[in-house]
Amino acid sequence: MTTPESYGYLVEFDNVDDLLEGAETVRDAGYTLWDAHTPFVVHGLDRAMGIKPTKLPFLVLAGGAVGLVGGVALQWWTNAVNYPFLISGKPLFSLPANIPVAFETTILVAAIMALVGMLGLNRLPQLYHPLFNSSRFRKATDDRFFISIEAADPKFDAEATRELLEALDGRLTLEEVQS
Amino acid sequence: MGRSRPELMSTRTTDLSYLNNTTDDPVSRPPLVLGGRTFGDVTNTVCGIIENPKTPPLWYVFFGVSLSLLGVLGAMIAYLIFTGIGVWGLQSPVGWGWAIVNFVFWVGIGHAGTLISAILFLLRQKWRTSINRFAEAMTIFAVACAGIFPAIHVGRVWVVYWLFPIPNQMSMWPNFRSPLLWDVFAVSTYATVSLLFWYMGMIPDLATIRDRAKHPIRKIAYGILALGWRSSNRHWHRFESAYLLLAALATPLVLSVHSVVSFDFAVSIIPGWHTTIFPPYFVAGAIFSGFAMVVTLIIPTRAIFKLEEIITLRHLENMAKIMLATGMMVGLAYSTEFFMAWYSGNAYEGFTFLNRGFGPYAWAYWIMVSCNVIVPQIFWVKKFRTNVVILWIASILINVGMWFERFVIVVSSLSRDFLPSSWGYYSPTFVDVLTFIGSFGLFFTLFLLFLRFGPMIGMAEVKGVMPEAHHGRGAHGDYHGDVPTDRDGHIPIKAKREVVQ
Numbered sequence: 001m002t003t004p005e006s007y008g009y010l011v012e013f014d015n016v017d018d019l020l021e022g023a024e025t026v027r028d029a030g031y032t033l034w035d036a037h038t039p040f041v042v043h044g045l046d047r048a049m050g051i052k053p054t055k056l057p058f059l060v061l062a063g064g065a066v067g068l069v070g071g072v073a074l075q076w077w078t079n080a081v082n083y084p085f086l087i088s089g090k091p092l093f094s095l096p097a098n099i100p101v102a103f104e105t106t107i108l109v110a111a112i113m114a115l116v117g118m119l120g121l122n123r124l125p126q127l128y129h130p131l132f133n134s135s136r137f138r139k140a141t142d143d144r145f146f147i148s149i150e151a152a153d154p155k156f157d158a159e160a161t162r163e164l165l166e167a168l169d170g171r172l173t174l175e176e177v178q179s
Numbered sequence: 001m002g003r004s005r006p007e008l009m010s011t012r013t014t015d016l017s018y019l020n021n022t023t024d025d026p027v028s029r030p031p032l033v034l035g036g037r038t039f040g041d042v043t044n045t046v047c048g049i050i051e052n053p054k055t056p057p058l059w060y061v062f063f064g065v066s067l068s069l070l071g072v073l074g075a076m077i078a079y080l081i082f083t084g085i086g087v088w089g090l091q092s093p094v095g096w097g098w099a100i101v102n103f104v105f106w107v108g109i110g111h112a113g114t115l116i117s118a119i120l121f122l123l124r125q126k127w128r129t130s131i132n133r134f135a136e137a138m139t140i141f142a143v144a145c146a147g148i149f150p151a152i153h154v155g156r157v158w159v160v161y162w163l164f165p166i167p168n169q170m171s172m173w174p175n176f177r178s179p180l181l182w183d184v185f186a187v188s189t190y191a192t193v194s195l196l197f198w199y200m201g202m203i204p205d206l207a208t209i210r211d212r213a214k215h216p217i218r219k220i221a222y223g224i225l226a227l228g229w230r231s232s233n234r235h236w237h238r239f240e241s242a243y244l245l246l247a248a249l250a251t252p253l254v255l256s257v258h259s260v261v262s263f264d265f266a267v268s269i270i271p272g273w274h275t276t277i278f279p280p281y282f283v284a285g286a287i288f289s290g291f292a293m294v295v296t297l298i299i300p301t302r303a304i305f306k307l308e309e310i311i312t313l314r315h316l317e318n319m320a321k322i323m324l325a326t327g328m329m330v331g332l333a334y335s336t337e338f339f340m341a342w343y344s345g346n347a348y349e350g351f352t353f354l355n356r357g358f359g360p361y362a363w364a365y366w367i368m369v370s371c372n373v374i375v376p377q378i379f380w381v382k383k384f385r386t387n388v389v390i391l392w393i394a395s396i397l398i399n400v401g402m403w404f405e406r407f408v409i410v411v412s413s414l415s416r417d418f419l420p421s422s423w424g425y426y427s428p429t430f431v432d433v434l435t436f437i438g439s440f441g442l443f444f445t446l447f448l449l450f451l452r453f454g455p456m457i458g459m460a461e462v463k464g465v466m467p468e469a470h471h472g473r474g475a476h477g478d479y480h481g482d483v484p485t486d487r488d489g490h491i492p493i494k495a496k497r498e499v500v501q
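Quick mapping for you: the protein sequence lines, in order, are chains A and B. Note that the working numbering has the first sequence beginning at 1, numbered continuously upward. Note that the working numbering has the second sequence beginning at 1, numbered continuously upward.
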């Protein structure tokens, strides 16, 4: 029986095979607000869960573009416009001499975007989460594998969802997590 | 020879030879983690080190020494700032002495960490997982040591921000056509990206430590550092993407950093510096010295913390092979330089190299050649590659040799350039020497703190390369035959398992 304070169900597995099979079952049942929790990247789990490719690479590309344009603009404006810097009669603005710094700023902004974008898309940092209420869930960073289904899922039904999860092969425990 | 894997594991209690996984069996890949470990064992081994209330007494000994040396570094820097650059041995014509030598030495050491974490990742070298965290930490701390030297070398340390394009009281901007400024951008970008890469890779492991923590302070500290990581696969998906992107960004970055460092020399007109070979030569040397430092650090660490089953002999052997390869590249660069000095027909260039080999700094030159070219040749022999004592001694000699390489480049060229009337002989002062020794204090202090409080082995990554991490285990992960596929043409997991069984 779920109560209004329920976050959802949490099932535990002790190996990758059972987790992958369980993930396929939940995916095929049409749930959307659910997740798998693993101590390391499990190959094939993205497909078993039906996760679409992330748009992070485009954010990083945008970051790189900003870094490149910014790097070139910085050098042009500081050395050719705002304070014309005449060195050995060389042109005030010449790309070859500006490539190293433009390259470094490209990498710098793109790399910052990779980390910040990853955290942002993942809605991290989020120091509290209802799943942390489960003491079993601590093993998700050690050697256990979990599937969680949220009560907020439109397909969620206290009885039917429980039955679906109870029928999964290799399930060790099933727990209702309080929010 | 060629004993099979189960047999090696069964001898665990009596015979330590199972720790040798360096035999190549063409039929099966050697295991990357030994001792028949489970995921839980990996967590316990790595977290056990930082959770153990009893720190190994040796740690305190090393930490005490490192902290004292760090104090020496602080005192020397204070003395320098209060007195002036004259406390160093610099004078005309040698205006760059130990400080620049130390800078290049430390930046170079950092390169192995990025090579292991980024380039070996892109090349799918799975053995990197046991050592990459360790090497990345070494990178950060080495770059921190490197950054100190140019910063204190500027003389007026209080206006060091003039190096950056920050509006200042002179309304002047830095000269972006100077390699020294490129260096500011290259090294600061390198430090930042290495730090991001290192921290991001640590988030899942910090979460592991958080979830095992008992003490409230540990819970809060590691809880904040782990950013609320909850091992969600939807998060892992983006994490993997970000990791791959960072690796792809760090790879050209690491090659650029030592190239830019070499521009500091190559763009000038000093004989012996003004050569196009410098960028690849510096990068190869950097990787060479960095791997030597990884080996120097990892051999005692794995012995003290009993990590022989995770950082295996095979890892050490692989690093010895990389040192052999990069050592040969460095040797090739030395001979190419000599050849070009003769072939170019340039009298100054020719003199500079004869002077390096047979002039007043010949002793430094031959230390360099012995340590960097001759010592790594022992790694042709497997017995030496897999003997930790010999490997450790060789790695220290290579570190010494690589320091001397930079010394030879910086000092021998400057001390005797075009005009014999302006020649000189450079000698360091005690401040130079103690500042360099002190920088090891900073390096080891940071490193020992990391060993005590941080996850020195990437647990999540090591678990990911264990055989149990892949579905259909026991069948070598291959599925052949008539297996029904789903809509996308992929084999459903369920069907795979049935085929396997």
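Hints should not be assumed to be uniformly reliable.
Cut-off 25 Å, straight-line C-alpha distance, at most; resulting in silico cross-link-like pairs (SDA-like, lysine to any residue) [claimed, not checked]:
1. 321(B) / 377(B)
2. 126(B) / 47(A)
3. 90(A) / 62(A)
4. 383(B) / 358(B)
5. 219(B) / 52(A)
6. 214(B) / 124(A)
7. 55(A) / 228(B)
8. 52(A) / 301(B)
9. 52(A) / 150(A)
10. 55(A) / 227(B)
11. 126(B) / 69(A)
12. 55(A) / 321(B)
13. 155(A) / 132(A)
14. 90(A) / 273(B)
15. 219(B) / 53(A)
16. 383(B) / 279(B)
17. 219(B) / 55(A)
18. 54(B) / 228(B)
19. 55(A) / 301(B)
20. 321(B) / 346(B)
21. 214(B) / 132(A)
22. 55(A) / 240(B)
Simulated from the structure, these hints should not be mistaken for laboratory data.
We went through each hint and held it up to the structure:
no.: 1; hint: 321(B) / 377(B); result: holds, 10 Å
no.: 2; hint: 126(B) / 47(A); result: holds, 22 Å
no.: 3; hint: 90(A) / 62(A); result: violated, 32 Å
no.: 4; hint: 383(B) / 358(B); result: violated, 35 Å
no.: 5; hint: 219(B) / 52(A); result: violated, 34 Å
no.: 6; hint: 214(B) / 124(A); result: holds, 24 Å
no.: 7; hint: 55(A) / 228(B); result: holds, 22 Å
no.: 8; hint: 52(A) / 301(B); result: violated, 42 Å
no.: 9; hint: 52(A) / 150(A); result: holds, 19 Å
no.: 10; hint: 55(A) / 227(B); result: holds, 21 Å
no.: 11; hint: 126(B) / 69(A); result: violated, 36 Å
no.: 12; hint: 55(A) / 321(B); result: violated, 39 Å
no.: 13; hint: 155(A) / 132(A); result: holds, 24 Å
no.: 14; hint: 90(A) / 273(B); result: holds, 22 Å
no.: 15; hint: 219(B) / 53(A); result: violated, 34 Å
no.: 16; hint: 383(B) / 279(B); result: violated, 34 Å
no.: 17; hint: 219(B) / 55(A); result: violated, 33 Å
no.: 18; hint: 54(B) / 228(B); result: violated, 28 Å
no.: 19; hint: 55(A) / 301(B); result: violated, 40 Å
no.: 20; hint: 321(B) / 346(B); result: violated, 37 Å
no.: 21; hint: 214(B) / 132(A); result: holds, 15 Å
no.: 22; hint: 55(A) / 240(B); result: holds, 13 Å
Checked against the numbered hints listed earlier, the structure breaks hints 3, 4, 5, 8, 11, 12, 15, 16, 17, 18, 19, 20; every other hint is satisfied.
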